[in-house]
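Participant: This is what each chain is made of:
Protein chains: 2
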Amino acid sequence: MARVVVDVMLKPEILDPQGQAVASALPRLGVDDVTSVRIGRRIEIEFAGEPDLDRAREIADKLLANPVIEDFALHIAEGDSQESQPAEAPA
Amino acid sequence: MARVVVDVMLKPEILDPQGQAVASALPRLGVDDVTSVRIGRRIEIEFAGEPDLDRAREIADKLLANPVIEDFALHIAEGDSQESQPAEAPA
Numbered sequence: 005m006a007r008v009v010v011d012v013m014l015k016p017e018i019l020d021p022q023g024q025a026v027a028s029a030l031p032r033l034g035v036d037d038v039t040s041v042r043i044g045r046r047i048e049i050e051f052a053g054e055p056d057l058d059r060a061r062e063i064a065d066k067l068l069a070n071p072v073i074e075d076f077a078l079h080i081a082e083g084d085s086q087e088s089q090p091a092e093a094p095a
Numbered sequence: 005m006a007r008v009v010v011d012v013m014l015k016p017e018i019l020d021p022q023g024q025a026v027a028s029a030l031p032r033l034g035v036d037d038v039t040s041v042r043i044g045r046r047i048e049i050e051f052a053g054e055p056d057l058d059r060a061r062e063i064a065d066k067l068l069a070n071p072v073i074e075d076f077a078l079h080i081a082e083g084d085s086q087e088s089q090p091a092e093a094p095a
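First to last, the sequence lines map onto chains A and B.
Using the numbering used here, the letters of the first sequence map in sequence onto residues 5 to 95.
Using the numbering used here, the letters of the second sequence map in sequence onto residues 5 to 95.
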């Protein structure tokens, strides 16, 4: 199963109120050393055959990202899913 | 600038209507070899000092992901931004 991952993030000069809301909630959790939080999208595109980066770039450009306010980056994902470092439930 | 990236995706057994909408729009773009599209979130957390994976995992668990329907994975990002493979505008 070949998978291309597209990461879409707001351009650095665009305000991210959702990320700011998370950042301003952190002191209540006792976290004081975070300087910024930015929230974007991660899209996993699964191809039937070979993963096709050029095709994926076209999809990202036309359907997934708004090039006026967003940047995107693509890479081919190896392995089963995003779980390269599975999230363990904290004790 | 130390940055931890949290990738939050719906669990595989949870329906993703947003991804399905993208997948069903692809044939109109002439793309027929995509079997599935899943859309999740990518969160970049910037730490003032050392990137702290345990702290980031706590933030993800409490603020960023809904553990009932979502999985998350963390990794430390090297370099400047998500732009490991910058998106070029297609000709």
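What the hints contain is simulated information worked out from the structure, not anything from laboratory work.
In this text the structure is predicted, and so the values were computed from the model without any measurement.
Quick reminder that beta carbons are idealized off the backbone N, C-alpha and C, glycines included.
Errors might be hidden in some of the hints.
As the list claims (entries may be wrong) - Mimicking SDA-like on lysine to any residue, the simulated pairs with C-alpha atoms at most 25 Å apart in a straight line are: (1) 66(A) with 39(B); (2) 66(A) with 33(A); (3) 66(B) with 33(A).
What the hints assert, rightly or not - Not close to chain B: a few residues of chain A, all C-beta gaps over 10 Å, as computed: (4) 17; (5) 19; (6) 24; (7) 29; (8) 30; (9) 50; (10) 70; (11) 72.
Participant: Run every hint past the structure and note whether it holds.
Facilitator: Now for the hints, and whether the structure bears them out:
At most 25 Å may separate the alpha-carbon atoms for a hinted pair to count; residue 66(A) and residue 39(B) meet this at roughly 18 Å. Restraint check for residue 66(A) and residue 33(A): the C-alpha separation of about 39 Å exceeds 25 Å, so the hint is violated. For a cut-off of 25 Å, the pair hint linking residue 66(B) to residue 33(A) stands: about 9 Å separates their Cα positions. At roughly 12 Å from the closest C-beta of chain B, the C-beta of residue 17(A) stays outside 10 Å, upholding its exclusion from the interface.
The claim that residue 19(A) lies off the interface holds: its Cβ sits roughly 15 Å from the closest Cβ of chain B, which is beyond the 10 Å cut-off. A cut-off of 10 Å between C-beta atoms confirms that residue 24(A) is not in contact with chain B; the least separation is 12 Å. Not every CB of chain B lies more than 10 Å from the CB of residue 29(A), the least distance being 6 Å, so the non-interface label is violated. Listed as outside the interface, residue 30(A) is inconsistent with that label: its C-beta sits roughly 7 Å from the nearest C-beta of chain B, within the 10 Å cut-off.
A cut-off of 10 Å between C-beta atoms contradicts the statement that residue 50(A) is not in contact with chain B; the least separation is 4 Å. With a least CB separation of 12 Å from chain B, residue 70(A) remains clear of the 10 Å interface cut-off, as annotated. Even its closest Cβ contact with chain B, about 12 Å, leaves residue 72(A) beyond 10 Å, as expected for a residue assigned away from the interface.
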